[in-house]
Structure formats: structure tokens, C-alpha cells
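Asker: Here's the letter readout for the chains.
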Amino acid sequence: MREKLPSLLQLEGLDSGYGDIQILWNVSLTVEKGEVVAVLGPNGAGKTTLLKTIAGIIKPKKGRILLEGKRIDGKPPEKIVEEGVALALAEKELFPLMTVHENLILGAFNKRARQKLDENLEIVYSIFPKLKERASQKAGTMSGGEQQMLAIGRALMTDSKLLLLDEPSTGLAPLLVKTIFQAMRKLMETKKELSILLVEQRTVQSAQLSDRGYVLSNGRIVYEGDIKEAVYSKSFLRRYMGM
Amino acid sequence: MDASIILYLLDGIVFGLVLSLIAAGLTLIYGLAGVLNLAHGELLVVTTVTAAVLSGSLGLPLPLALIAGIAATLAVAVVLDRVVLSPIYKLEGEERVLLGLYITLAFSIFLHGGIITTFPLAYLTLNMPTPNIELLGLSFRTAQVVAGVSSAVILLGIYLFLKKTWTGRAIRSLTQNETGALLVGISVKKYRLLVFMVGAVLVGMAGIVRSLIATVAPESGLEFTILGLLVTVVGGIRSVSGTMAAGLVIGVVYTFLVVVVGTYLAYVALLILIMVLLLTRPYGILGERW
Amino acid sequence: MVTDKYVKTRLYVLAALILIYIALPLPFINTPYVVFILAQMTFFTIFAYSFNFLFGFTRQLFLSIGAFAGIGAYVTGILLRDGIAGPIEAVALSTVVVAIVGWAVSILSVRRKLVAIFTGIFTLAITLVFSNLVTGLVDLTGGETGFRIRGVSLLFLDNLPYYMRYYYIALTTLLIVTVIAFYLIYYTGTGYAYRCIIDDELSAELVGINVQRIKTLTSLLASALLGFSGALYSLFSQLISPSYYAFGSIDLPVQIIVILGGRASLLGPYIGSAIIAVVNESLRFLGPLTQLLYGLILMLLLAFFRNGIVDFVKRRVAPWFY
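Chains as they are written, first to last, in the numbering used here: chain A, 1 to 243; chain B, 1001 to 1290; chain C, 2001 to 2322.
Hints in this document: simulated from the structure, not taken from any laboratory. These figures come from a predicted structure and were not determined experimentally. We put the beta carbon where it would ideally sit given N, CA and C, even for glycine. Among the clues, some could well be false.
[What the hints assert, rightly or not] Stretch-level coverage of chain B by chain C, calculated; a stretch enters the list once three of its residues show a Cβ under 8 Å from a Cβ in chain C:
#1 1040 to 1047
#2 1094 to 1107
#3 1112 to 1120
#4 1229 to 1235
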């Protein structure tokens, strides 16, 4: 049964990079419907490049990207958003002069999302009550943690099947990191059908949120499988995370 | 209050609204294409010259001639975006800004040369059927009231377009963060041409409104470019609402300066004021950083 | 010291240039018009040199070359007309005044960290202030029509035909500037500093180059040169009017010269201005249409040839010889 249905996301032998510099080597991974998958790995392993390649911001050099069995590699980023893949980058990339509310509304730019705008807005506000409080504040004047929530919220507004989260805890104070992870947990509980591919450096916290995981090192997948238990094993950490 | 002060104020406001119309297009184009369009004032002249030639020597009815003027400006704007600037879009960062500046300057020289040699006498002046109207015991020039109201309506229209429509929101998002826009499914390529066309319509309307209150000469393109540029800088180069506010401020200040110190020195004083603003508030009078 | 395989070639080219330029007007001693054109070309090469130092080497977009030269011209002209000072004092004062103005502009824009485009708009405003002031202050400047000054004695050069005197004065200035620039760029650290600033200002600062100082000093010297040459230009033309120093009369050709010759090149302005002089003369029959053509040429240059002739020769032609 399972084999007949194509995975939500399937990467096959993906090579990618910037210009002449190749960063990803023969990466294959899958994300099933409703699954939360973590990609762990040290700094510079190519985690962000992986997400940007899936989102179409970087064109892959080789390999295939399939969304529900349909190829999406080579499509421009705006088409991939329409197909139902949303990316929230660590750099946030918000619209600084617009209010929080306007930023969220722009998330619903694609045709599918426009029809479910009010519904999704309510969900986002219920997951991130802070954003509701700050609805009329300019995005550029908010703190780093709030901006991160807004970036995730805006990605949710695209009404996607797959959410790509790029290091949501980067550059945040420890207290805020906790808040962000709590918010992500709430998000997963609220939107159970949403698949998430989470890229993080905070190994333990992300492992607790995820169903499965991969470890990316020097642009290659070096581990795949259970990570909830594995992250507590010294040999796993030493071998894959360089700790 | 002295009645003449009200009239001067109205003068200044109308002039300021015209400047806002010019500068709004400049801001939008800069925001989306990363090019400070130095040919913008020439686009205004394309409208007025086309309208003057068609309605004058060819005897076309005025409304048609004005529409044809806007259409001609649209065509030139399309050429500017698709042909003239196409090599510039391959560049990034400051290199793009500088070469964009130069190539639009070259384009404006080209247009200017073509216009003043082919139609050196294509002046446009629009006359109102009744010269004056009485209001609150004051006598206003009809043309001025019409010019003020129509440009305010256009600006309000563009403001609502940018705030309330999906296309307008997409344009604003692109001026603020191109990558961010891409993440929500908005690509700059689709909207760049549109923004050039919106800018062309706005500057064309500015030309028509201007010709209600004064004669627009075929050689005045550069002057409008510079005025628009200064307003843009004062308003904050990425903020459309700042641009609109700056247009009004500069229009009113300039008009009063002319009354007090005369034309040349008013211009000098205005420029010095703008230079001071440029140094003290590089992000515009509304101070919106990005 | 910056060494590359072209240093020798550059020295030869420089020597050849000096000889050619000294001999250039001699065959035309009886056709003053040609010498006039040559003198004008030399003045424009000087203006282009200043612009090139400001923009090509230190990324300061000064759109006020005409205004700076004009300030020099008006200061000298007014002092001479009203008999306040002799020619030497007048020219010296012009040099100092413009140097201070340029230096101040540079300091302001460096301190406020204006990017090139803002410096451009700022200096464009200076251009407008200048042109409105000289047009508006009719009592002092003669307004639109300007004013005339009598010719001044140039000592031993007075034996030469009129235009030739100024050709050689301008040429001497130009060659001295070229030689000094050549020395600074190829035999001191200045060349490195310039190259770093052109590449990436921030990293230039990180490797310990005092970008601020280099920019403001360059601006001081380039503006002094503009004041000096502007003053000489006014003595040469004897008529001082706003249109002579307008944006379209000086800044525009200067920019075409620099782009055509090549930004950040010592030889570029020579080549650029020579080409412009020839093109200008051969297009004269077109009358006002020249402007249209100018615009077209400039657009094509920017689109397809924006690194200039010197760069083109270096990349496409020179490799054949090495």
C-alpha cells in the first residue's frame, strides 16, 4: 500500500551548489505526508543549500526533486510556492516597512492561499499569539524572536503541504530559543497534516520534535533513521556531529 | 489670514502634487528595478509633445490627443525596460545602480535630442472654459482647482492600488525585499515592466496636470527629472508615501520662497535645504529605514 | 610598488604620448581653428582626469565637474575684470577655493557614508546651485550672457599664436599631472590602495587602508586641478558664461570620455578625449541632431563596451605581444 503512494517529497541523487562550487553531493531523502523530518549536521554542511535547492532558489546540477511524484526541480521559486512548498529562511527576509498583518497577508499571495486567507490567519495567530498583539507594528522594528515567528507565520500563510524551516533558532537568546521550539511544537499539534523539513543545529531539541532524521555532513547524507534516541548516544554525536 | 497666502498655499500644493506624481514613479522604478530613471522627466515631455503635436497641427480632439500622449509614453517606457535596460539587469548591487544611472541619462539625452530637433515648438497648454470660480469669497483659477483635485485623486488611486490590491502589495513587497517576495511566490520579472508602465502613466498625468497651470516646453524634461529626483531623495528613496509627502513639502516651500526671494534664489535655497536634508536624514523625511 | 608585465609598456606609451602631444599642433600653426580644437581637447582631458580620479579610482561620483571648473573660472574672471588681483593670484585663489569646496564635499559624503549614487545626487544639487547662482546674480556675473575678460600676458609664451599658448599651458599641466599620477600609482602604495577601494571598500578598510583619508585627499587634489584648469580655461576662452560650464557642456562629454577611454585608467582620458574631439568635429554638420547621436552612442557604449578602450586593448590586443 505504502509503496504505491508517492512520498510527499522525494529527492533522488541531488547535486547542488553556487556557480562552480558544488555543495551537495548525491543527496537522497524522503518526507512523507504529515511527517516531521529533521536534517541535522554541523555548520557548513550544506543544510541551508538543501532547503534553497528544494525551494527553487538554487537550481540543482543533477538529480530529481519530486513532490507527490511530480518533478518540481528546475521550476522557478514562485511556481514551487504555488505547488505547495514554503520556505522560512534563517535570515527571515521580511518586508520591514509593512506591518505584521500585511506581511502575513502577503504570505497568502498564491491563488490557493488567497481563498483560505482568513482561516490560515486565525491559525497563525492562535499558534503565535504574540503576532496578534503586534499585528499593526512594522516588521522591521520587531525583535529577532518575533521576526522569526513572523517568518514562520508568513510561510504558513502560503497554505503549503510542506514547510521548509531553516534554522529557526539561529541568533536568538536562549530564552527565545525555548519559545520558538514551544511554538513549533504547538504548530505541529495544530496542523497535523503539515509535513515539515526542519534544518537545525540544536540537535537534541529538534530531534525531540521530529519523527525521523538525517545527518548531513560535507554535503552528503551520512545517517538516516531514528534520531530521538540516537542523539543521546555519545558515539552518534562523536561520529556524525563532530562533538 | 491673508487671502493671498491661501492662494499661494494652493499654488504650492498643486505644484507639490505634480512633483509627487513624477517622484512616485521614480521611487517605484528604483524599488523594483534598482535603477534611478534619469529619463523620467523626458517621459513627461513625450506625453505633452505628442499631445501638442496631435491636437495642434493634426487637429485631433484634445482628449484623444492626451490619451495618445499617454500611450506614446507607455511605449517609450516599455522600450526603456525591455531594450535599453536589459543589459543592466544582468548586473548586481552598486554596479547596477551606477550603470543604470548612466544608461538612463544617455537615453534621456537621446530622447531630448530627438524631441527638440523634431518638435521644437510643441508647447502644451490646456485652457479651461471658465477661467475663475468663486469660493468662500475668494476667486480661484479653475485650472488650478482642477489640477489640484485631479492629481490628488490620481495619487489617492495609486495609494489605494498599492495598499489594497494584490498586484499593489506584490509591488510594495518587491521594493522592500526581493528575496522575501520570492519566498511567498512573487517574482520580480513579472512586475518590473508593470512598474515602468505605472510610472509612465503617472508621469504622463503629471505632464497633463502641469499643462493646466503652466506651459510645458519640449526642452523641460531634465528640469522635471531633477525636481522629481530631489523629491524622491527627500522622501526616502524606497518609500512611496514619503515621496508623496516630500512632494507637497517641496512644492509649498518652493512656492513661498519664490514669493520671498525670487525665482533663482528660491531654487538655490531649496537646493541647499535639500542638500542639508540629504546629509542629515539620508533615509528621507519620514525616516523610514529598510 | 605595483609591478605587472605592463609597467614597461606603460612607460614607453607615456614617453610616446609626451612627444606626440608636444609635436601635435606644429603642423597646424597656420590653421588656428585646428589648434583651438586641440587646446579644447587638452582642457577636456584635464577635466576627465579629475573626474577619473574622483570616480574611476575612488568611487566618488562627482556630477559637478562643470560647476567646479566654473567656480574656478568665475573667481578668476571676476577678480581680473574688477582689477582686484593679477592673473597669477587670481588663478591661485581659484585653485584654493575649488580645492576647499571639493574637499568639503568629500568629507561630508565620506563622514555620512553616502553611497556613490547619493554623492551623485548631492553634487548634482551643487551643479544646480552653481548654475542658478551665476544666472541669478546678474550684477556680479552678467547673468545668462556672462562677461568678457581681457587677454593676459603669459610671458615667454606670448610669442606663440594665441590658441597655441593655451594649448601648451594646458598640455604642461596635463603632463605634470599624468607623470605624478603615474609615479603615485605604479611606484608607491597608492596604486594598491586605489585598486582595493575599487574592488571592495570594506575589505580595503579591513586590510588597514585609510579609505577616508585617501578619498578626501584625492578629492582635494582633483578639485584643485579643476579649479586651476577651470581658471585657465576662462583665460583661454575670455568669455565666461553659464552655458560654458553647464552640465551638458562639461560633465556629459567628460563622462563619455572617461567611459570610452576606460575608468581607472591613466591613458584612458587621452584616448577618450581624442576620439570625442574627432567625432565632435565630424558630426558638426548634423547640428542639433548630434545630441541624439551622442545619447545613442553613449547607450551602446554602456551596454556593450563599458570597460573602455584601454581595458579592451589590454585583454584582446596586448596578449598577442606577450
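Asker: Confirm or reject each hint.
Answerer: Hint by hint, here is what the structure shows:
1. With 0 residues having a beta carbon nearer than 8 Å to a beta carbon of chain C, the region 1040 to 1047 of chain B misses the requirement of three or more and the stated coverage is violated.
2. Only residues whose C-beta sits within less than 8 Å of a C-beta in chain C count toward coverage, and the region 1094 to 1107 of chain B has 10 of them, enough to reach three; the restraint holds.
3. With 5 residues having a Cβ less than 8 Å from any Cβ of chain C, the region 1112 to 1120 of chain B passes the three-residue criterion, so the hint holds.
4. Here's how the region 1229 to 1235 of chain B fares: 3 of its residues keep a CB closer than 8 Å to some CB of chain C, so the rule of at least three is met and the hint holds.
Hint 1 from the earlier list is the only one contradicted by this structure; the remaining hints agree with it.
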